[in-house]
Amino acid sequence: MFKQQSLTSGSYKRALILFAIPLFFSQLFQTLYNTCDTIIIGYNLGDLALASVGAVTSLFDLVVGFSNGFGQGMGVIAAQKYGAKDYKGFRRVVGLSILLSLIVSVVLSVVMSVCLRPILTFMKTDAAIFEMSYSYISIICMGLSITVFYNLAAGMLRAAGDSVTPLVILMISSMLNIGLDLLFITAFNMGVAGTAWATLIAQCVSLVVCVAWVFFKRKDLVPAASDFKWDGGMVSNLTTMGLSMALMSSIVSIGTLILQIGINVQGYLIVSGHTAARKLFSILNLPIFSIMMAVSPFVAQNVGAKEYNRVQQGIAFSNRLGLYYGVILTVIIYIFARQIVALISGSSTPEVLDTGELYMKTNVPFFPVLAVLLNLRISLQSMGQKTVPVISSVIELVGKILFTLIIVPKVGYIGICFTEPAVWIAMCLFLIYFYLKNPLFKEHSIAPRIF
Numbered sequence: 001m002f003k004q005q006s007l008t009s010g011s012y013k014r015a016l017i018l019f020a021i022p023l024f025f026s027q028l029f030q031t032l033y034n035t036c037d038t039i040i041i042g043y044n045l046g047d048l049a050l051a052s053v054g055a056v057t058s059l060f061d062l063v064v065g066f067s068n069g070f071g072q073g074m075g076v077i078a079a080q081k082y083g084a085k086d087y088k089g090f091r092r093v094v095g096l097s098i099l100l101s102l103i104v105s106v107v108l109s110v111v112m113s114v115c116l117r118p119i120l121t122f123m124k125t126d127a128a129i130f131e132m133s134y135s136y137i138s139i140i141c142m143g144l145s146i147t148v149f150y151n152l153a154a155g156m157l158r159a160a161g162d163s164v165t166p167l168v169i170l171m172i173s174s175m176l177n178i179g180l181d182l183l184f185i186t187a188f189n190m191g192v193a194g195t196a197w198a199t200l201i202a203q204c205v206s207l208v209v210c211v212a213w214v215f216f217k218r219k220d221l222v223p224a225a226s227d228f229k230w231d232g233g234m235v236s237n238l239t240t241m242g243l244s245m246a247l248m249s250s251i252v253s254i255g256t257l258i259l260q261i262g263i264n265v266q267g268y269l270i271v272s273g274h275t276a277a278r279k280l281f282s283i284l285n286l287p288i289f290s291i292m293m294a295v296s297p298f299v300a301q302n303v304g305a306k307e308y309n310r311v312q313q314g315i316a317f318s319n320r321l322g323l324y325y326g327v328i329l330t331v332i333i334y335i336f337a338r339q340i341v342a343l344i345s346g347s348s349t350p351e352v353l354d355t356g357e358l359y360m361k362t363n364v365p366f367f368p369v370l371a372v373l374l375n376l377r378i379s380l381q382s383m384g385q386k387t388v389p390v391i392s393s394v395i396e397l398v399g400k401i402l403f404t405l406i407i408v409p410k411v412g413y414i415g416i417c418f419t420e421p422a423v424w425i426a427m428c429l430f431l432i433y434f435y436l437k438n439p440l441f442k443e444h445s446i447a448p449r450i451f
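Mapping of the sequence shown onto this note's numbering: residues 1 to 451, in sequence order.
Mixed in with the good hints there might be a few duds.
Once the Cα atoms are required to be at most 27 Å apart in a straight line, the calculated DSS-like pairs of lysine-lysine come out as [to be verified]:
id : residue 1 : residue 2
1  : 306       : 442
2  : 13        : 437
3  : 361       : 85
4  : 361       : 306
Ranges between beta-carbon positions, derived for each pair [said to hold, decoys possible]:
id : residue 1 : residue 2 : range
5  : 316       : 405       : 29 to 39 Å
6  : 85        : 237       : 10 to 20 Å
7  : 316       : 349       : 37 to 47 Å
8  : 182       : 113       : 28 to 38 Å
9  : 267       : 395       : 24 to 34 Å
Quick caveat, the hints were computed from the structure, so don't treat them as lab data.
Nothing here was measured: the structure is a model prediction, and the numbers come from that model.
Note that the Cβ used here is the ideal one computed from N, Cα and C, for glycine as well.
My request is simple: use the sequences and hints to build the entire structure.
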């Protein structure tokens with residue numbers, strides 16, 4: 001039904017953009033229903049309820065980020081097999097990835113069910129919102145297995161060059177999520193728990209539709225029974241790459257969670273304003289993340305096809321796109337930030353709006369730095385370098401911890417706002433150095449460019 005995009009031949013610019021467009025809309029719809037959660041909660045349940053969801057967003061991102069990172073890492077191996085036209089090897093990767101994902105999802109579910117309340121206490125969640133926060137995140141964690149397997153199925157489709165099908169499936173579940181949000185909150189009066197149940201049901205529908213599509217329309221990707229046979233070498237490779245990318249994502253998320261502690265002690269109005277700003281941040285960051293997601297299979301497939309010059313051309317082009325977008329967006333934000341924060345939060349409280357506006361005006365100007373950082377980190381992973389990206393994530397973690405412990409107590413919320421830009425700059429310089437020294441380019445006498 002959908003034409004598969006070739007990432008290893010033709011114009012690399014065209015290939016990246018055409019592959020990234022469906023990814024952008026996939027991210028847009030995913031962010032849309034998350035943002036609709038915020039809007040519906042803000043308008044119908046007020047600042048306190050909005051803060052209760054915002055207080056645990058970083059925890060949710062940590063758990064989901066780990067599971068998604070694990071799947072994305074295995075997707076890199078799959079994309080390399082597909083780029084090398086080793087379709088049997090691709091199906092073996094899918095089969096073993098399913099087994100490994102089952103193990104990961106069970107472990108995550110057990111850990112979260114046991115540790116959730118202590119974690120919320122550690123995060124210094126305000127007593128006024130503690131039970132609402134727990135109600136929301138506990139329901140979300142019930143669906144971790146669903147999230148893990150949906151992202152695995154969608155990731156394998158993307159590894160095979162299909163970024164359109166996951167978009168269509170996500171569009172369906174997004175509309176369902178928004179409809180259920182309105183039903184559960186406004187008609188059934190279920191509070192923030194209603195939002196969590198809406199998300200869980202929508203994710204379940206996404207998984208069922210995605211798996212059905214693969215079985216009926218992409219049978220060439222479906223592993224045979226023999227593909228599930230345990231292969232120590234392949235399992236080791238998949239686990240190493242999966243854990244590398246999962247740890248990279250988790251370390252970043254742990255840093256954000258630590259930073260959230262510094263936000264939670266500022267009071268629920270600050271938390272509410274920051275929550276609205278982060279939702280806006282997520283929307284505006286979609287083009288950057290979409291290009292990054294396209295870069296991963298692009299680099300992996302071209303490494304598999306031994307098109308190394310094409311690899312560095314695609315990365316440089318992606319960085320240029322991030323630079324142009326960041327400059328234009330900064331101008332827009334400095335004019336309209338307050339109005340957009342008010343629209344998303346549904347609040348007219350000055351402290352809420354001041355908080356959201358300040359966050360956007362201190363973070364958006366550094367979007368070009370963030371774009372280069374994300375593109376280089378995912379590219380190094382996709383080229384098989386597992387250590388450097390993880391180290392860069394450790395730098396982010398340490399930076400956020402130091403800011404939270406030393407800077408934020410002295411200067412307040414303004415310290416929160418400047419934490420991430422400072423860390424982005426440090427990590428970007430770190431990754432640029434190792435990217436330019438990449439042995440893959442040196443071995444084939446290729447001079448890589450950043451832009």
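Quick rundown of the hints versus the structure:
1. 306 to 442: holds (14 Å)
2. 13 to 437: holds (24 Å)
3. 361 to 85: violated (46 Å)
4. 361 to 306: Violated, at roughly 42 Å.
5. 316 to 405: 29 to 39 Å: For residue 405 against residue 316, whose Cβ atoms are near 38 Å apart, the range 29 to 39 Å holds.
6. 85 to 237: 10 to 20 Å: About 19 Å separates the Cβ atoms of residue 85 and residue 237, which means 10 to 20 Å holds.
7. 316 to 349: 37 to 47 Å: holds (45 Å)
8. 182 to 113: 28 to 38 Å: About 29 Å separates the Cβ atoms of residue 182 and residue 113, which means 28 to 38 Å holds.
9. 267 to 395: 24 to 34 Å: holds (30 Å)
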